[in-house]
Amino acid sequence: MGGLLAGKTCLVTGAAGSLGAETARLFLHEGAKLLLVDRDAAGLERVGLALADPVVAWRAADVTRAADVEACCEEAVARFGPIDVIFSNAGTAGAIGPIADYPEGAFEATWRVHVKGAFLFCKYGSPRMADGGSIIITSSVVGLRGDAGPYGYVSAKHAQVGLMRAVAKELAPRGIRVNTIHPGPVDNAFQSDIEAELGKVLKVNGTDFLNSLIPLQRHARAAEIAQSVLYLASDMSSFVTGTTLVVDGGMLA
Numbered sequence: 001m002g003g004l005l006a007g008k009t010c011l012v013t014g015a016a017g018s019l020g021a022e023t024a025r026l027f028l029h030e031g032a033k034l035l036l037v038d039r040d041a042a043g044l045e046r047v048g049l050a051l052a053d054p055v056v057a058w059r060a061a062d063v064t065r066a067a068d069v070e071a072c073c074e075e076a077v078a079r080f081g082p083i084d085v086i087f088s089n090a091g092t093a094g095a096i097g098p099i100a101d102y103p104e105g106a107f108e109a110t111w112r113v114h115v116k117g118a119f120l121f122c123k124y125g126s127p128r129m130a131d132g133g134s135i136i137i138t139s140s141v142v143g144l145r146g147d148a149g150p151y152g153y154v155s156a157k158h159a160q161v162g163l164m165r166a167v168a169k170e171l172a173p174r175g176i177r178v179n180t181i182h183p184g185p186v187d188n189a190f191q192s193d194i195e196a197e198l199g200k201v202l203k204v205n206g207t208d209f210l211n212s213l214i215p216l217q218r219h220a221r222a223a224e225i226a227q228s229v230l231y232l233a234s235d236m237s238s239f240v241t242g243t244t245l246v247v248d249g250g251m252l253a
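Heads up, the sequence shown is in the numbering used here, so the first residue is 1 and it goes up one at a time.
Worth double-checking, as some hints may not be accurate.
Derived pair list, reagent style SDA-like, types lysine to any residue, alpha-carbon separation capped at 20 Å [as the list claims (entries may be wrong)]: (1) K116 to G162; (2) K123 to G162; (3) K123 to E170; (4) K169 to G242; (5) K123 to G242; (6) K116 to A106; (7) K203 to G149; (8) K116 to E104.
Just the calculated beta-carbon pair ranges, DEER-fashion [as the list claims (entries may be wrong)]: (9) E74 to A196: 34 to 40 Å; (10) G43 to P127: 26 to 32 Å; (11) N205 to I99: 21 to 27 Å; (12) A52 to G97: 40 to 46 Å; (13) R145 to P54: 41 to 47 Å; (14) Q227 to R145: 22 to 28 Å.
FYI, nobody ran anything at the bench for these hints, they're computed from the structure.
All C-beta atoms in this analysis are idealised placements derived from N, C-alpha and C, irrespective of residue type, glycine included.
Assemble the whole structure, with the sequences as input and the hints as a guide.
So this is what it looks like as structure tokens:
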């Protein structure tokens with residue numbers, strides 16, 4: 001079977017969400033073998049069954065638990081062979097509010113998912129990767145700018161960039177590339193929840209407010225972000241590592 005990822009073993013976290021599911025669909029179309037991971041077991045099963053292919057497996061797991069992450073990496077290798085691509089995409093929105101009132105628990109929980117989760121997949125995934133592979137971590141436009149309110153999310157997304165740059169340098173001798181992708185607002189349920197909270201804080205329509213900040217004047221489709229993930233996963237980006245790929249409709253311009 002041909003395709004940009006023909007025969008490659010790919011591990012996708014946050015696979016029950018729209019971006020993870022769309023990326024999984026695209027990876028499969030490009031010839032990949034897939035292990036899908038998410039904490040939402042029912043949602044994960046729906047995605048796996050919809051793909052309906054013998055080279056697609058799924059495993060419910062908590063990306064903040066080292067034992068879960070190691071087991072996922074081991075299963076990917078046992079089923080399909082050494083890992084070629086890790087798409088660390090699991091995320092949570094966290095809280096939005098003034099810094100003086102920001103809940104410590106929400107801050108810590110957000111960091112565990114975004115930063116510890118990405119760290120654990122680098123830690124346990126990289127020794128099980130084929131040389132020349134690719135790790136992609138989903139950050140955000142707010143990983144490259146500051147916005148008052150979502151303190152856990154913004155700081156965690158910045159931290160992912162530091163993690164990515166450090167791991168990229170360590171793994172470069174093996175030809176393993178490590179990059180972050182930085183979507184702007186995406187038209188999905190995850191973003192809708194963020195915008196509902198943002199709207200309450202700013203007393204505006206959160207979606208309209210964000211669209212006003214985007215030169216293309218709309219949210220991205222999940223499929224548009226998935227295409228950029230495919231670029232980083234495939235040999236099209238063979239000389240790209242340690243960098244931040246922004247896909248935001250011009251929001252940071």
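Outcome of the hint check:
no.: 1; hint: K116 to G162; in the structure: holds (13 Å)
no.: 2; hint: K123 to G162; in the structure: holds (15 Å)
no.: 3; hint: K123 to E170; in the structure: holds (12 Å)
no.: 4; hint: K169 to G242; in the structure: holds (7 Å)
no.: 5; hint: K123 to G242; in the structure: holds (17 Å)
no.: 6; hint: K116 to A106; in the structure: holds (14 Å)
no.: 7; hint: K203 to G149; in the structure: holds (13 Å)
no.: 8; hint: K116 to E104; in the structure: holds (16 Å)
no.: 9; hint: E74 to A196: 34 to 40 Å; in the structure: holds (39 Å)
no.: 10; hint: G43 to P127: 26 to 32 Å; in the structure: holds (29 Å)
no.: 11; hint: N205 to I99: 21 to 27 Å; in the structure: holds (24 Å)
no.: 12; hint: A52 to G97: 40 to 46 Å; in the structure: holds (43 Å)
no.: 13; hint: R145 to P54: 41 to 47 Å; in the structure: holds (43 Å)
no.: 14; hint: Q227 to R145: 22 to 28 Å; in the structure: holds (23 Å)
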